[in-house]
Amino acid sequence: MTESVTRGVQYIVSVVLESHSERLDASVVPSFREVYAEHCSMVFRTIRILGVPTASVEDVAQEVFLSVHRALPSYEPRAPMRAWIYRIARNAALNGRRISHHDAFRVPFDESLKSPEAANPERSAAANERLQILRDVLASMPSEQRDVIVMGELEGFTAPEIAEVLGVGLNTIYSRQRLAREALESALQRRARVDERESR
Amino acid sequence: MSDLSADTKALLAALRDDMSPTPREASELLRRVEAAAASATAARPWPMRWIVAGLGTLAIAAVMKVSNGPDQSSGMRKVLRAPTAELSATEGALPELVVAPRHARTPTLRDEVDARRSRPDSVRERQRSVEVVPTTTEARAATPTSMSNETLLLQEANVAYRRHELDVAEEKLQQLATEFPAGALLLERETLLALVDCARGRPTHAIAFVQRHPDSAYAQRIARDCGLETGRDEK
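Heads up: the sequence lines are chains A and B, in that order.
Just so we're aligned: the first sequence equals residues -1 to 198 in the working numbering.
Just so we're aligned: the second sequence equals residues 14 to 248 in the working numbering.
Simulated from the structure, these hints should not be mistaken for laboratory data.
We put the CB at the ideal spot given by N, CA and C, even for glycine.
Treat the hints with care, since some could be wrong.
Unchecked claim - Estimated spans, in silico, between C-beta atoms of each pair:
#1 197(A) <-> 178(B): 42 to 52 Å
#2 181(B) <-> 177(A): 22 to 32 Å
#3 130(A) <-> 194(B): 36 to 46 Å
#4 192(A) <-> 192(B): 45 to 55 Å
Stated by the list, open to error - Just some of the chain B residues that point at chain A, by a computed CB distance under 10 Å:
#5 16
#6 24
#7 28
#8 31
#9 33
#10 39
#11 41
#12 46
#13 47
#14 162
#15 166
#16 199
#17 201
#18 238
#19 240
#20 241
Could you build the full structure based on these sequences and the hints that come with them?
Structure follows, in structure tokens:
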């Protein structure tokens, strides 16, 4: 009697274990910490640049990584992880944003978030001013152009990856990139000329 | 396709640096996420426990019923072929059987799964550059500290590099390599090492890094600071 029970349970446990271990062995999904170490900076930047208020940045980032933590076991390794996480971060940022892009970009960069050492004292006031101009210009761009600038130029996504994340065609991305780069350059030059005139 | 000017690229790179988290922010967020994940896991019963408890209960109940019946020799086959029918047939016996097998057998399964997870020859283990995610409460509590130590050391190295105190930076990086040979911030350490070497006029590490991680954002920074080509420039 006891032996029958043991054999029955052993059989069932072995079946369950087998299916479970197949899933484990098949997965080459990195650990959460690996994922975190690799993508933490991108998530922070994305959240900040998409206009989440400074006070909420960490909360939104936590939400992103909790989502990643939950979904990681079922993550499909064939899909590019960076794009997957970017999409989560982008959605969380857009959901969590409480102020407009314009306001977010015009808020001076909150140095209290950075350590004193990281504040880069070597950077001149002029350089800081140019950064603020860039923020203003990005804030004034249409969101589809800003997306391709942020993803392509800041985060180094390829055009096919951007197309995948944004869910649009590759040619559309190429076209947006061309327009966005032209718009960015001309806006920066325009602003520089205006500032130059004002400083005289 | 139109391309951005070098000035605009440099400006974007500076913005990128400004928007990036400090090591302290990164380590604090990791601590928060792991704490939240741990409490969420503790609040949610492990699904496999329920599966095994259910299957174990089913098996025991079914075997007991069959072994009490007239044909004991074919009992096991009947159980494995038609568990659902056996479950409904033994429904009345379930409540008293649920508790014991669940507690008695779940650790065995978990031990087995943990053992498979930590099997040294698995692909997962070979590719891992940080320690195995701890499963015990004690280990979980310990890891943020080691992460914080690693982060602090890296931060000190970074500060030294920014101040052009290259000897100090190298010393800190060496300490990092010794204490955290496969740390969570390995990529960041390699980046800083490449930058420090570049500052000393030795671009070997930088070139190797850029070749190894051509699409990495760190490669962009290294290439920019060391004046290298990344091969990832605009389409």
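The hints, checked one at a time:
1. 197(A) <-> 178(B): 42 to 52 Å: violated, 36 Å
2. 181(B) <-> 177(A): 22 to 32 Å: Given range 22 to 32 Å: violated, Cβ gap about 47 Å.
3. 130(A) <-> 194(B): 36 to 46 Å: About 42 Å separates the Cβ atoms of residue 130(A) and residue 194(B), which means 36 to 46 Å holds.
4. 192(A) <-> 192(B): 45 to 55 Å: Taking Cβ atoms as reference, residue 192(A) and residue 192(B) lie about 52 Å apart, which means the hint holds.
5. 16: Holds - the Cβ of residue 16(B) comes within 10 Å of chain A, reaching about 7 Å at its closest.
6. 24: The hint holds - residue 24(B) has a Cβ within 10 Å of chain A, the shortest such distance being about 5 Å.
7. 28: holds, 6 Å
8. 31: With Cβ-Cβ at 6 Å, under 10 Å, it holds.
9. 33: Interface hint status for residue 33(B): holds (5 Å vs cutoff 10 Å).
10. 39: holds, 5 Å
11. 41: OK, holds: residue 41(B) within 10 Å of chain A, min 7 Å.
12. 46: Result: holds, 4 Å to nearest chain A Cβ.
13. 47: holds, 8 Å
14. 162: violated, 14 Å
15. 166: For residue 166(B), the interface hint is violated, since the closest Cβ of chain A sits about 14 Å away, which is over 10 Å.
16. 199: holds, 7 Å
17. 201: Holds - the Cβ of residue 201(B) comes within 10 Å of chain A, reaching about 8 Å at its closest.
18. 238: violated, 13 Å
19. 240: violated, 18 Å
20. 241: violated, 15 Å
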